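Number of protein chains: 4
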Amino acid sequence: MLSKNEISEFLETEFPQTKCQVESASKGQAIVRHPVGVDELRPGGTVSGPVMMSVADVAMYVAILASLGLVKETVTTSLTINFLRKPKGDRDILADCKILKLGKTLAVAEVSLFSEGDADAVAHVVGTYAIPRENTINK
Amino acid sequence: MLSKNEISEFLETEFPQTKCQVESASKGQAIVRHPVGVDELRPGGTVSGPVMMSVADVAMYVAILASLGLVKETVTTSLTINFLRKPKGDRDILADCKILKLGKTLAVAEVSLFSEGDADAVAHVVGTYAIPRENTINK
Amino acid sequence: MLSKNEISEFLETEFPQTKCQVESASKGQAIVRHPVGVDELRPGGTVSGPVMMSVADVAMYVAILASLGLVKETVTTSLTINFLRKPKGDRDILADCKILKLGKTLAVAEVSLFSEGDADAVAHVVGTYAIPRENTINK
Amino acid sequence: MLSKNEISEFLETEFPQTKCQVESASKGQAIVRHPVGVDELRPGGTVSGPVMMSVADVAMYVAILASLGLVKETVTTSLTINFLRKPKGDRDILADCKILKLGKTLAVAEVSLFSEGDADAVAHVVGTYAIPRENTINK
Chain A
6 MLSKNEISEF
16 LETEFPQTKC
26 QVESASKGQA
36 IVRHPVGVDE
46 LRPGGTVSGP
56 VMMSVADVAM
66 YVAILASLGL
76 VKETVTTSLT
86 INFLRKPKGD
96 RDILADCKIL
106 KLGKTLAVAE
116 VSLFSEGDAD
126 AVAHVVGTYA
136 IPRENTINK
Chain B
6 MLSKNEISEF
16 LETEFPQTKC
26 QVESASKGQA
36 IVRHPVGVDE
46 LRPGGTVSGP
56 VMMSVADVAM
66 YVAILASLGL
76 VKETVTTSLT
86 INFLRKPKGD
96 RDILADCKIL
106 KLGKTLAVAE
116 VSLFSEGDAD
126 AVAHVVGTYA
136 IPRENTINK
Chain C
6 MLSKNEISEF
16 LETEFPQTKC
26 QVESASKGQA
36 IVRHPVGVDE
46 LRPGGTVSGP
56 VMMSVADVAM
66 YVAILASLGL
76 VKETVTTSLT
86 INFLRKPKGD
96 RDILADCKIL
106 KLGKTLAVAE
116 VSLFSEGDAD
126 AVAHVVGTYA
136 IPRENTINK
Chain D
6 MLSKNEISEF
16 LETEFPQTKC
26 QVESASKGQA
36 IVRHPVGVDE
46 LRPGGTVSGP
56 VMMSVADVAM
66 YVAILASLGL
76 VKETVTTSLT
86 INFLRKPKGD
96 RDILADCKIL
106 KLGKTLAVAE
116 VSLFSEGDAD
126 AVAHVVGTYA
136 IPRENTINK
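Residue numbers (my numbering), protein chains in the order written: chain A, 6 to 144; chain B, 6 to 144; chain C, 6 to 144; chain D, 6 to 144.
Isolated chain A, as found in the complex:
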């Protein structure tokens, strides 16, 4: 299995913009942390929606990497987010991802997003990913 460090290095190359840190990653799951920047806040001190979608997308990508290996060409094909509560602007966002299906050409995952320290999720995400054929033969 890939180490957290191997995944983190790969992530920096593939998602150079992301500030997400890999907290844990193993077959079928991942947790990533996103330190919220002042440029990511909406009026009222809450975190903008696209920031949350972006963190969920990274969490799902990390969980797939941890499950399949360093698959370069995996692409998000769909993402559904439900916003549940206002995230806190002064807390890190934690994204807890669980893979629901890891098929030959399609992966489906869900993510619960939290403001660190709170028990209730601020958003829930379901995403689907296309896995290129060639990369799955020798998995």
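Simulated from the structure, these hints should not be mistaken for lab results.
Note that the structure is predicted; figures quoted are calculated from it, not measured.
Incorrect hints may have been included.
The list cannot tell twin chains apart, which means a pair is met if one copy fits it or any two copies do.
Calculated pairs, DSS-like style, for lysine-lysine (alpha carbon to alpha carbon, straight line, at most 27 Å) [said to hold, decoys possible]:
id : residue 1 : residue 2
1  : Lys9      : Lys32
2  : Lys109    : Lys91
3  : Lys109    : Lys93
4  : Lys93     : Lys77
5  : Lys93     : Lys106
6  : Lys109    : Lys24
7  : Lys91     : Lys9
The hints should help you fit chains B, C and D onto chain A, whose structure is shown.
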């Protein structure tokens, strides 16, 4: 009806981070333009998914403003995006939004996203918005 | 809290077509069982998609009833289903629902659907429900 | 291109339960009609949600058949429905489907559902379909 300028000014206050420009906005529809920055590209020269979600979110917000007036507290409650084709990194993103339902407490809208100059959409979005009760009484 | 019997009776009035039986229901969760009929199979012996959506919808409705009381006017506003594996035609479908948010006007819930006896879900659903204002005042 | 009759016959084999009639079908689009039965009504005389999902699913399937040929193994992988208005219990449901993407392994389509005679849609659906590799080689 609100002018394009009134909406643009309101947008700058509510979404200070957005680079979107309002191309057109009237009851039930809006078109916004997003100039893609180099910091928004993924390896391979394509536009990152969260950037597209963010542009769609702004287009839906603008269409709701153009339909209801300057409603401050409208919040995105859900967003579903399907990625259809790779957007081009050297073209503006255009988001064409049509409101599907404008209820008393809920609005539903769809958006087709394009790389400028192409006929086929790069992504399709459906979003739902909660409209605060007090703001809809005197609409 | 409502008893399983009270919810079952209410369900028969509101969803006269459903064959779902309430297995458990309490604040924030519900499990319902659907015996699959031969008229609900697709060629190949698998359960049709709309049957699964229908069972998930009932599970979410039951979980909301168990949480809010016998709210008559609650309506589904959106439903997203991801089909994960082929359900077995000769097994009951079990729907395990967890409420993600119970707001004043909006509830969000997720459901995992199983062929009885299998550990892996056959489908995953997220649904949103509009709760009428008048019914939530005295909850 | 397949004729309406060829598609209708195929549909009867693959979806023996459906009452949908193919109104039109050509590359990239389809319209199907569903006569609402009394057993499909909810209290208040409106059409149940799962019936609408089912009609949308058939419309998308017909549009894919009309575009790709009689592909047997195409399966729905996800479906998102937004309910917009109450459908009328005494009118046929018309489903107007447009394919958004027809890829090698994945198709994405949207459907607007109407009560016949009304201009405003009662529901909007986006669905994704997996197309088996072997069936797409000789398309």
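Enumerate the violated hints, using their earlier numbering and listing them in ascending order.
6, 7
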